[in-house]
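K.L.:
Each chain is listed here by its residues.
There are 2 protein chains.
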Amino acid sequence: MSKEQNIVYIGRKPTMNYVLAVITSFNSTDTKEATLKARGRSITTTVDVAEIVRRKFMKELKAGKITIGTEEIEQEEGGTRNVSTIEITLTRG
Amino acid sequence: MSKEQNIVYIGRKPTMNYVLAVITSFNSTDTKEATLKARGRSITTTVDVAEIVRRKFMKELKAGKITIGTEEIEQEEGGTRNVSTIEITLTRG
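As they're listed, the protein sequences go chains A and B. Residue numbers are given in our numbering: position 29 of the first sequence equals residue 1047, and the series is strictly consecutive. Residue numbers are given in our numbering: position 92 of the second sequence equals residue 1110, and the series is strictly consecutive.
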């Protein structure tokens, strides 16, 4: 992990796994921010992770920029479908 | 619906129901913005609704402010549990 870019991809593991990953990424580097990225059903988990880290563990963090978007996914059976994405940046105050 | 506040609460109905509700709220009033609100599992649907409205139907809209938060829910069996919330404001360009 470089100093500039701490990215945590959120998937289908238990929420607390990602909470720990975010806290670790802040503590193992002197970075000022970490970005959580997810798509589809994991978007809800991503908001949960951001809120739990901020409210229970690192109260000095602020939810910085939140952006949403759409990605086209190639389907095995041909064609594409759209899936929503989210990025939440947490910044050390 | 007043001119100032167009709020669409997102729940468990099909995504396109909410897409239609958002478009209607823009067309039936001369409001400049609509706010989508949701909590828990509906957060993903909310991002989908915002993206579909913006990309397919009303390309002049911008995703304005996005905020996340936590609400305490009273449980029937006593005690509370936390649930994440999201608010996405769509603004007419």
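Please note that the accuracy of each hint is not assured.
When chains are identical, the list treats them as one kind, so a pair holds in a single copy or across two.
Claimed, not checked - Within a straight-line C-alpha distance of at most 25 Å, the following computed SDA-like cross-link-like pairs (lysine to any residue) qualify:
#1 Lys1050 with Gly1096
#2 Lys1031 with Arg1099
#3 Lys1031 with Gly1096
#4 Lys1050 with Glu1094
#5 Lys1083 with Glu1094
#6 Lys1055 with Thr1103
#7 Lys1050 with Glu1095
Calculated directly from the structure, the hints in this document are not laboratory data. Here the structure is a predicted model, which is why all the values come from computation and not from measurement.
K.L.:
Each of the hints needs a verdict: does it hold here or not?
P.N.:
Results of checking the hints against the structure:
{"no.": "1", "hint": "Lys1050 with Gly1096", "result": "neither (42 Å within a copy, 39 Å between copies)"}
{"no.": "2", "hint": "Lys1031 with Arg1099", "result": "both (24 Å within a copy, 20 Å between copies)"}
{"no.": "3", "hint": "Lys1031 with Gly1096", "result": "neither (28 Å within a copy, 28 Å between copies)"}
{"no.": "4", "hint": "Lys1050 with Glu1094", "result": "neither (40 Å within a copy, 41 Å between copies)"}
{"no.": "5", "hint": "Lys1083 with Glu1094", "result": "neither (34 Å within a copy, 36 Å between copies)"}
{"no.": "6", "hint": "Lys1055 with Thr1103", "result": "both (7 Å within a copy, 17 Å between copies)"}
{"no.": "7", "hint": "Lys1050 with Glu1095", "result": "neither (43 Å within a copy, 41 Å between copies)"}
Consistency with the previously given hints fails for numbers 1, 3, 4, 5, 7, ordered from lowest to highest.
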